[in-house]
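2 protein chains.
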Amino acid sequence: MDVGHIVLSEKPQLSLFETSPAPARKPPRRKPAKKKKAGGPLTAEEMGAQQRDISVAEFFTKNRHLLGFDNATKALLTTVKEAVDNSLDAAEEAGLLPEVTVEIRPLLATNGSRSGTNGANGDPNAPERFVVAVTDNGPGVVKAQIPKIFGKLLYGSKFHRLRQSRGQQGIGISAAGMYGQLTTGQPTRIVSRTGKGKPAHKFEILVNTQKNQPEIVTDEVVEWAYDHGTRVEIALEARYQRGSHSVDEYLRQCAVANPHATFIYRAPDGLETVFERGISIQPTSPKEIKPHPYGVELGVLMKMLKTTKATKLKAFLATDFSRVSPAVASEICDVAGLSQNAWVSRIARDEADRLYQAIPKVKLRKPPTDCLAPIGAEAIRAGLTKEFEPEFVHAVTRSPSVYRGNPFSIEVGVAFGGKLKADEAVKVIRFANRVPLLYQQSACAISKSVGSVPWRNYGVQHPKGGMPVGPLVVFVHFASVWVPFTSESKEAIAHYPEILKELRLCMQDCGRVVGRHIRRQKRLADAEKKRSYIEKYLPHIGIALQEILDLTDEQREDAFGKLVEILNRSRKP
Amino acid sequence: MDVGHIVLSEKPQLSLFETSPAPARKPPRRKPAKKKKAGGPLTAEEMGAQQRDISVAEFFTKNRHLLGFDNATKALLTTVKEAVDNSLDAAEEAGLLPEVTVEIRPLLATNGSRSGTNGANGDPNAPERFVVAVTDNGPGVVKAQIPKIFGKLLYGSKFHRLRQSRGQQGIGISAAGMYGQLTTGQPTRIVSRTGKGKPAHKFEILVNTQKNQPEIVTDEVVEWAYDHGTRVEIALEARYQRGSHSVDEYLRQCAVANPHATFIYRAPDGLETVFERGISIQPTSPKEIKPHPYGVELGVLMKMLKTTKATKLKAFLATDFSRVSPAVASEICDVAGLSQNAWVSRIARDEADRLYQAIPKVKLRKPPTDCLAPIGAEAIRAGLTKEFEPEFVHAVTRSPSVYRGNPFSIEVGVAFGGKLKADEAVKVIRFANRVPLLYQQSACAISKSVGSVPWRNYGVQHPKGGMPVGPLVVFVHFASVWVPFTSESKEAIAHYPEILKELRLCMQDCGRVVGRHIRRQKRLADAEKKRSYIEKYLPHIGIALQEILDLTDEQREDAFGKLVEILNRSRKP
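Top to bottom, those sequences are chains P and A.
Using my numbering, the first residue of the first sequence is number 1, and each one after it goes up by one.
Using my numbering, the first residue of the second sequence is number 1, and each one after it goes up by one.
Note that these hints are calculated values from the structure, not bench results.
The C-beta atom is built at its ideal place from N, Cα and C for all residues, glycine as well.
Please note: incorrect hints may appear among the correct ones.
As the list claims (entries may be wrong) - Footprint (simulated), chain A over chain P, 3 or more residues, beta carbon under 8 Å:
{"no.": "1", "stretch": "46–52"}
{"no.": "2", "stretch": "72–85"}
{"no.": "3", "stretch": "437–447"}
Claimed, not checked - Examples of chain P residues lying across from chain A (beta carbon under 10 Å, computed):
{"no.": "4", "residue": "LEU42"}
{"no.": "5", "residue": "GLU92"}
{"no.": "6", "residue": "LYS148"}
{"no.": "7", "residue": "THR184"}
{"no.": "8", "residue": "HIS228"}
{"no.": "9", "residue": "GLU237"}
{"no.": "10", "residue": "TYR240"}
{"no.": "11", "residue": "ASP353"}
{"no.": "12", "residue": "GLY417"}
{"no.": "13", "residue": "GLY418"}
{"no.": "14", "residue": "LYS464"}
Please put together the full structure from these sequences, using the hints given.
The structure is reproduced here in structure tokens:
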């Protein structure tokens, strides 16, 4: 390695618009490599001829691990998760109480035997082929939209709006179908009906990956027992297991975070589990909002100026953002040194920049909270109590905050003691918009925040640089109009500073309360110990006093009673 | 939470093609939620009307953290990295020895003052605006391709081929420009010339995010001092720092992994650092290969059958895959029970499946190795020695293996002792296709493998479930025709089982050698201790013997000499 020699640059700083800088060093000549490579070097023209478009479906087929399909176990969970997310979102938007049925069964080959798979090494642990079928009682999908929703990536209704929902990318379910197609060659099968008396449409759809377009294999009207709803069936290579990363665990956690939904689960072994809804009230449906000015990037502001329906600057600010009243809009214009009546279409980049820099100087109210649907402290406490039977439970829902213009809200619940094990790392249960996150815990902002809280101050063991250790469960729900996941597979939340801060503050709120409980428990335990000493030794002292002072039994009892009283009084704070 | 009641399903398993399953439970009726939500529930038709396409540029603008732009410090490194990757790739393809100049300087506002930024809270640590300029002496880019390469996501020459290169997605540099545009509103500026006597083209390009298409702001011919090469300038919001995740560190590691390249670095403070190339020989350029049949998915096989130029099955297998000779192709056809002369266009899904299941049953040679360009054990040893001055160094390049049909090769180097600190976690240095990986260490397959190696067997401390501790550096290079990164920001390698296995085996190869060294050192240290005891105590024994036995000085010396001899002999093995 070259350690590098350091010289102070004598060149003046270039302005951005200087295009032809005199290089500090003589520009290097074409220096042919000594060894000609096999195949021969290419010219710029030859390289240019190789350039071409990459379809987003091709991209994600090659990078299927980005979508949560990196191994056969995870592929099964991801497929179930994408379908269930869609079912819950649709039911909520339609104002229906969701009932979702998840079935997983072996894929039967045409001759009726279990269908085998490749598995490069003839490995007995090689994945098998399964069919995942998810059926809901939701509003159904109109016929024209079925092929695109299930057969095209980056297509959907949730990306372009600011409203809390589980899906947001328009990738998930079509990607699951694409993975099924990749590993079994089979199309995705959909049945959907939008209401009683309307036909139930059945489609078989493949994704044309080169074009990122659906290919309709069959399209027919069928009999279907549901009045309204959607059923999606995907055949895929997968591995079924129970345990911490399983479909079973995912549905169990789903039921905790969605007490208004019923889940029916038929596992590959035929076992059926029903998670009945706990409440029959639809949670307040989150509203769609406009962006909050704090954190909106210059480029986004410029784009909004281009596409707004408003014609004057003040009107643009007051109508296209949330929490900007006409008075506040005037103030922003003033701080930016721009006229309130400036034509939006004539705002140049430099002026947009002044506007952008004026925004943080004006005090704005926090974003509206009705775009978010937190689970609620009470429901979290109930869930934790039922699940873990702890000796103490507490939960906090923090008021919303903003990152990059997006409102978000953190909820934290803690369960302590009881049946929880004292010598294990704290169990962290993560949710984003009511969806359980089971993978990539170490990459998640939630886990990072758990590690950064000063648990020792609250009486919980906490090895330096690690996770706290103790009989503690930390339940965290991140709710936002846009969840910044670290990958398209939506398994971990990205480390935005504003999010990390709110997470930490919310955990500290809970931590302090748990700390008080732990200290009180410790005090009580100490007192209990003392009491037991008193009860153990005082009678003997009584007898000794009787012997020494020659007391009657009555006097002894009297002295004993007084001693107990005095000692009990002394151990009260 | 509902614990769930379990019932054995009485229903027979459904065949995949049964579209109208009689549900085990009576299908739920439309059950209106008790509370009507504000804004009102939507019908399927209303939801359908909201569905729309999402452009991949919109997707990545909203998810910019996926591309490595989640914070201002990382944004600077990512921008430099994407530009440098492209420079090195182009020079290598053209058979040129690369010289890459990286400049970072504050963005000057039009009035000459440093340009400020937003920073929602008026925070003094808020990011500043910088210009990153990367200039190379590569082959240049032909005029027609400049706008698309720098102004369109998912466009490039490297995605559709199997050949080791740094870039592979066709996203990086246009995404960096898009981030610059988002945070400063400025276009990407490019100057490129493809040879002496040809014009140097200067472009200013914006990305139209709604369409994912370049918008050309200016397009002109300019004077430029370079005969051939490309210069790209991006103005962006960023934070500059030195240290472990810095541009400085990145370029230093780049120089280690690319000893044939010269890097010139001008930091924002005007300091210039030059990393001169250590060798003037272009590394053997990797060749493009065809996919290896092991690990190719059924869906990919079906797509290849559709797009092949071959007409007969045997010819298809023998020409479209690597390591499939005509004889092997015949064998695969036989195992699959298909005719060698079957028309490729008539192979149905079931037959393709038989082909797919036959492949792992036929023995194939490992994939060709000339598609990979490892750094080489010697260069790794030299780099580690220069950088860390250890007492012991070792490196291994493993022969290639395959994951999902892609050949890959692992190289591991270890440095032990010397100036390295004994009480810290082992330092892991990660590279993928010669590119240093500085972020997301804990999410990377490399780190996971380091943790899974039984270091204790090699005499290195290793806390359970953690990283080993000791005066040890582990250098790992993953080279492949396709690197499976965990996100588009290309910071960590995904956990494919085949990759984890090869990583572990290669580390164990190195670990055993280090272990021998550590044991030898320990033996030598023990012997040294014994020798020092002998030298310390024997003279006294000599004197004691002289007194007891009344020896002359000469006899004493003689006895002493013999004792030394006997003891020295006894401590040899």
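Now for the hints, and whether the structure bears them out:
1. 46–52: holds (count 5)
2. 72–85: Violated: only 0 residues of the stretch 72–85 of chain P have a Cβ under 8 Å from chain A.
3. 437–447: holds (count 3)
4. LEU42: Holds. Min distance 5 Å.
5. GLU92: Since chain A brings a Cβ to about 8 Å from GLU92/P, closer than 10 Å, the hint holds.
6. LYS148: Given a least distance of 7 Å, the restraint on LYS148/P holds.
7. THR184: Status holds, d = 6 Å.
8. HIS228: holds (6 Å)
9. GLU237: Interface hint status for GLU237/P: holds (8 Å vs cutoff 10 Å).
10. TYR240: It is violated, given that the least Cβ distance between TYR240/P and chain A is near 14 Å, above 10 Å.
11. ASP353: The hint holds - ASP353/P has a Cβ within 10 Å of chain A, the shortest such distance being about 6 Å.
12. GLY417: violated (19 Å)
13. GLY418: With a minimum Cβ separation of about 16 Å from chain A (threshold 10 Å), the hint on GLY418/P is violated.
14. LYS464: violated (12 Å)
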